[in-house]
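Enquirer: Spelled out from the first residue to the last, the chains are:
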Amino acid sequence: MVDLRVKIGRITLKNPVMPASGTFSEGLARVFSFDHLGAVVTKTITAELRGGNPTPRVAEVGQGMLNSIGIPSKGVLNFIDHIMPEYQRFSAPLVVSVSAPTAESFAEIVRQLNIPGIAAIEANISCPNIEEDGKAFAMRAKSTAAVVDQLRKATALPLWVKLTPNTGDVGVVARAAQDSGADALVVANTILAMSIDTETFRPRLGSIMGGYSGPAIKPIILRMVYQCAQIVDIPIIGCGGITTTEDAVEYLLAGATAVQVGTATFVRPNAMLDVVEGLTRFCERKNIDRVSELTGAVRDRGMHVDKLEALP
Amino acid sequence: MVDLRVKIGRITLKNPVMPASGTFSEGLARVFSFDHLGAVVTKTITAELRGGNPTPRVAEVGQGMLNSIGIPSKGVLNFIDHIMPEYQRFSAPLVVSVSAPTAESFAEIVRQLNIPGIAAIEANISCPNIEEDGKAFAMRAKSTAAVVDQLRKATALPLWVKLTPNTGDVGVVARAAQDSGADALVVANTILAMSIDTETFRPRLGSIMGGYSGPAIKPIILRMVYQCAQIVDIPIIGCGGITTTEDAVEYLLAGATAVQVGTATFVRPNAMLDVVEGLTRFCERKNIDRVSELTGAVRDRGMHVDKLEALP
Amino acid sequence: MLSTPAVNADENEPIRAAAAFDVADTQALVTSNAAVNAEYFHLTLAAAGLAMTAKAGQFFNIACPATDKDLPYLRRPMSVYRVVPAKGEVEFLYKVTGAGTRGLATLRAGDSTAILGPLGNGFGLDPGWKNIVVVGRGVGLATLAPLAEMAAERGIEVTAILSARTRALVMSVQRFIDAGAQVEVITDDDGSSDPDNVERLLVGLIESGRADAFFTCGSNRLMLLLKRVGATFQIPGQVAMEQQMACGLGMCFCCVRNFDSSHGPEQRRVCLDGPVFPLSEALSW
Amino acid sequence: MLSTPAVNADENEPIRAAAAFDVADTQALVTSNAAVNAEYFHLTLAAAGLAMTAKAGQFFNIACPATDKDLPYLRRPMSVYRVVPAKGEVEFLYKVTGAGTRGLATLRAGDSTAILGPLGNGFGLDPGWKNIVVVGRGVGLATLAPLAEMAAERGIEVTAILSARTRALVMSVQRFIDAGAQVEVITDDDGSSDPDNVERLLVGLIESGRADAFFTCGSNRLMLLLKRVGATFQIPGQVAMEQQMACGLGMCFCCVRNFDSSHGPEQRRVCLDGPVFPLSEALSW
Ligand SMILES: Cc1cc2nc3c(=O)[nH]c(=O)nc-3n(C[C@H](O)[C@H](O)[C@H](O)COP(=O)(O)OP(=O)(O)OC[C@H]3O[C@@H](n4cnc5c(N)ncnc54)[C@H](O)[C@@H]3O)c2cc1C
Ligand SMILES: Cc1cc2nc3c(=O)[nH]c(=O)nc-3n(C[C@H](O)[C@H](O)[C@H](O)COP(=O)(O)OP(=O)(O)OC[C@H]3O[C@@H](n4cnc5c(N)ncnc54)[C@H](O)[C@@H]3O)c2cc1C
Ligand SMILES: Cc1cc2nc3c(=O)[nH]c(=O)nc-3n(C[C@H](O)[C@H](O)[C@H](O)COP(=O)(O)O)c2cc1C
Ligand SMILES: Cc1cc2nc3c(=O)[nH]c(=O)nc-3n(C[C@H](O)[C@H](O)[C@H](O)COP(=O)(O)O)c2cc1C
Ligand code: FES
Ligand code: FES
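Residue numbers (our numbering), protein chains in the order written: chain A, 1 to 312; chain B, 1 to 312; chain C, 1 to 285; chain D, 1 to 285.
Where hints are given, some of them may not hold.
[Unchecked claim] 30 Å max Cα-Cα, derived DSS-like pairs, lysine-lysine:
hint	chain 1	residue 1	chain 2	residue 2
1	A	K286	D	K69
2	B	K142	A	K135
3	A	K142	B	K135
4	C	K69	B	K286
5	A	K135	B	K135
6	D	K69	C	K69
7	B	K142	A	K142
8	B	K153	B	K142
9	D	K95	C	K69
10	C	K95	D	K69
11	B	K286	C	K95
[To be verified] Interface residues of chain A toward chain C, partial, derived using beta-carbon atoms under 7 Å:
hint	residue
12	F24
13	V31
14	E60
15	F266
The set of hints was computed from the structure by calculation and includes no laboratory data. Yeah, the Cβ is synthetic: ideal placement off N, Cα and C, and Gly gets one too.
Turn these sequences into a full structure, and let the hints guide you.
Expert: Laid out in structure tokens, this is it:
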């Protein structure tokens, strides 16, 4: 029997498969039991009430989609009173994704979540930092360090920091998050993208630009996971385009300890279950006892990138 | 009859369609005549001799591909003596793509190309700048300004600067290139990505990471063209995943004046011709007299991105 | 929007009951998939289990096959057109409009595709109602058709006002007739579909006591008309709405629309809180 | 690598002559596509024009259809297995290995797919040669088969040594026989395919004057053996090589391999400078 357990800091997950924030809700419990998942991750919540972005909020593009949901939120109390209970009946640890427009308000919402029943905090720092001309915290090491530092002081819960791929140097941002006290990294959020309807000449999203997700972004995020794994020691949770068991394995090999499945769940609601079962079969076929042995097992020794050669 | 001509700085192209550097060679003249193209763009050449990267150099990923060709180059003289003549028999203006590991050597190679028969220089500054720990020039505004400034002094030819998408803020890099004297921008090069063979556990590219191109990257590069178009006044040449007429139109609407077709030519060798013909038919159907009217014609007025809403 | 809305709570299983799985992703075998006219296809799938519990107004999120030209990625929401538990069949009536439905149209008997459902709340019939008026147009008829049998089963009289550009394009007429409905076909080409005429028809039905409730789908113009007339004469109503979707399960918040509610305007998810909404709360789309 | 290499310049049109279009992307109709054994399919396409000029050793870059499971994006290089200008047909023999060939295997008569070619240089036959030895294995046989007729046309005697795991898997035996070739089947299961035995066979042929040149494809081991024997006995040879490709036209530099050359080791593009190379310059892959 293959051991699927993985450790993310001080919590142990029964398997490395969990949903990506915002692509999942208690509604999926109508299809299967969350007891099968390594963890559950909530849609990002904010302190203030938000309506989210104008419609259309979704556009299909090739083997992926653009979304501009934004973060419709009914606030922390609504979450604690109405949403948390939905998850309590499952054994999977509850990870609460939070966001805020300033480092201070970020710390504030995390303080409100120092309550029983929450296994970890996932800080979605891919959102605009209004104190820095709206650039996402995670776009720069400095603003990342600033917010993670405050979050670390605000909570004793395991702190997962979710990075944005919309940066030129994800490695330094990752190091900054680790050095400021992150227990794990989630790599990564959606890639800023756009699509235009050539018949109407109008952007296909109500907010013009949106986040690109799905299989199409996998090679990019996988590269970022690989780069981060060279730089940080804390566990990395890979997230980007994972649809099949092989996708999950690819992320583990690149250095991830666990994976999040997002958009794939929209196309195959049972995708997460399939990956959990697939990982067991894959490890059996490869005579691997523990799925954790796959983490960072990419056979890249002796290979190198020639600095002199142009890379994109 | 639709007028397909577009102006890139002081040169006028008979139509807005040209190949992307490195995805094209005189070999394609075995399939159709380059007289049909708005311009031809050479594979990037360097002053020094280079062998390129180890194999495998290509990996198919979804609706796109990874490449790690690097820049095999036989130097400038070989180019002038053996490659340039191949293009002279065609009417399409010749754009020579160049690269170098330092700003000084960049200027040097451009000086060697101040010869008749070259219509414009395309500076591929997506390559590693060995004076700055191998980060590509185009990843930062400062190093971009430095190299473009030297290039501007080194040549009187129209100077096109090709940006990398592997940066957190393509807009400021674009502005830096314009302010340092670029006549046009090519947006953009490939996106750094990776793929791992889950059977062998080995990276699928000999140099581990490589450049992602093809339809899958279109929404990302299109967004960058749109962002750059808000910031610069010089013409933008869109390049990323363009396969069909609609793809080209989408880029023009987002703010591009012309487009480059790359990977699509590998899959449909006549893709560029199809786009040229398709643009005429599209404009006829839409009662548009000049294709140049499409540039920046996206109907985004009244729409805006809510700063408070999280975007990736 | 975590609890389902007031709309016909009887018909609709509240999310809270989710512990019991009430939605399934079923790999369904294609029994037939034939063009019914220049624009529409009729798809019949062999399915069992939860799919057989689908009610009028509910929908499935359907996987659409790739073709040479199209590689649809997301699923496509389609109302259940008919369910025949006895035969283990579920049917859909769809209009070929783009990548996904072009892909669906390539399905042949013997192929199979995945359908997630039943999704959404579905129409509700108040035990007190004796006569209802169903007003539909275009694709909307696919959504409204099963309501004919559902009403018949409960001994409710149905008047169906079916609208289209031309007579040739009106669908499901026979289906409504077979279900015992009074059918009025109105078309653009003979002008009978224009608002004033439809309003006249409605008022007539109301005055003759044959309109305890309105049901509509497929036309914003008709929805607004029914809403106004319904408000004037205090006739309740339900409208099935559409919005672009990804998950169909209430997870992604792609499919929101704005609605009037007692406590001011609010956003609701069409896939979860709908697709059927009270006419009185629906807003123009 | 801009001028084509020395290799049989006669067979190969130098790029410089490009002004005359000699490569075409042809939308070809599938005449048949049938499994020949557990692993291989035989595809026959109706095509005309330049495709009909394809020579032994040249190849086409073939568009592979999408399936439920696979969405192959790049084209796949396939050697021309046979060209019948009279019937306007071109044939391919391919092994189903992954996404692209799985897609190819779904093609049915009446479907069509795009083929770019003819590409590459092809085999060359020196007018001075009277007897050649063709040694192939697996997929390599598809590439070598047309060489049998090409040699026959020029009155050149062919000895074909066909290798495979088992007798059942040896292909094209009849084809070589029909072309008048002497056929030796060697297999792993009866040990006849082991290097020493093959070397014995080759030396025998050389001594009996039946080996003016060697031709091989499909096995690195056999290539190295022929190279060594050829060097010892001064027998020229040609090998058809494979490498991952994108464009097939010499544009992308994906398909390079290293070769020995008079002026030291050099990189060549398999698609443009090959796929056929002098045995003496080929390196292990
Ligand atoms: C609850 C519900 C029930 C529906 N029932 C039916 C039905 O029974 N028969 C029928 O023909 N159509 C029905 N529709 C509309 C149907 O979903 C769309 O026509 C279909 O998604 C179009 O997809 P496409 O790829 O062919 O078109 P495209 O225009 O290429 O679609 C592009 C994207 O927009 C989305 N989209 C386009 N039009 C609509 C629309 N009207 N509503 C929602 N999403 C849309 C698609 O899902 C896809 O994601 C229903 C829609 C909803 C929301
Ligand atoms: C000049 C030439 C002629 C060939 N002729 C034949 C032939 O006649 N019959 C035949 O069965 N095969 C032939 N091959 C090999 C054939 O191209 C591959 O088997 C095929 O590309 C595999 O694609 P796939 O998607 O099924 O496999 P996958 O392994 O999924 O392919 C993944 C990628 O690797 C590439 N690739 C995988 N194997 C090879 C290979 N051996 N050579 C080149 N690229 C490869 C594919 O093109 C694709 O881009 C030839 C190859 C070359 C270069
Ligand atoms: C509809 C949608 C909503 C999302 N909402 C959130 C969110 O609220 N918070 C967050 O951190 N990420 C959000 N994401 C990003 C996903 O969590 C994930 O990082 C991204 O989609 C990449 O993974 P995928 O390719 O598997 O979908 C959202 C993605 C989608 C598609
Ligand atoms: C095989 C290959 C080689 C390339 N070589 C170069 C190059 O030498 N110089 C350069 O500036 N860009 C090079 N590129 C990048 C392309 O010019 C183009 O920017 C990129 O592929 C995106 O466009 P596409 O999606 O249409 O291919 C190369 C791309 C590919 C696929
Ligand atoms: S479609 Fe996802 S919430 Fe409605
Ligand atoms: S495949 Fe492109 S150069 Fe050979």
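Enquirer: Take the hints in turn and mark each one as holding or not.
Expert: Now the hints, each set against the structure:
Straight-line distance between C-alpha atoms of A/K286 and D/K69 comes to about 23 Å, which keeps the hinted pair within the 30 Å bound. Of the supplied pair hints, the one linking B/K142 and A/K135 holds, its CA atoms being roughly 19 Å apart against a limit of 30 Å. A hinted pair counts as satisfied when its Cα atoms are at most 30 Å apart, and A/K142 with B/K135 qualifies at roughly 19 Å. This hinted pair checks out: C/K69 and B/K286 have alpha carbons roughly 23 Å apart, not beyond 30 Å.
A hinted pair counts as satisfied when its Cα atoms are at most 30 Å apart, and A/K135 with B/K135 qualifies at roughly 22 Å. As the CA atoms of D/K69 and C/K69 are separated by approximately 16 Å, the hinted pair is consistent with the 30 Å bound. A threshold of 30 Å between alpha carbons decides the hint, and for B/K142 with A/K142 the separation of about 19 Å falls inside it, so the pair holds. Of the supplied pair hints, the one linking B/K153 and B/K142 holds, its CA atoms being roughly 17 Å apart against a limit of 30 Å.
Using a Cα cut-off of 30 Å, the hinted pair D/K95 and C/K69 holds, with the two alpha carbons roughly 26 Å apart. Restraint check for C/K95 and D/K69: the C-alpha separation of about 26 Å stays at or below 30 Å, so the hint holds. Note on B/K286 and C/K95: the hinted pairing holds, with a Cα-Cα distance of about 25 Å set against a maximum of 30 Å. The criterion of a C-beta within 7 Å of any C-beta in chain C is met by A/F24, whose closest approach is roughly 6 Å, and the hint holds.
Below 7 Å, beta-carbon pairs count as interface contacts, and A/V31 has one with chain C at about 5 Å; its hint therefore holds. Restraint check, A/E60 versus chain C: the minimum CB separation of about 5 Å is within 7 Å; hint holds. Given hint, A/F266 at the interface with chain C, holds; its Cβ is 4 Å from that chain's nearest Cβ, closer than 7 Å.
The structure meets every hint from the earlier list without exception.
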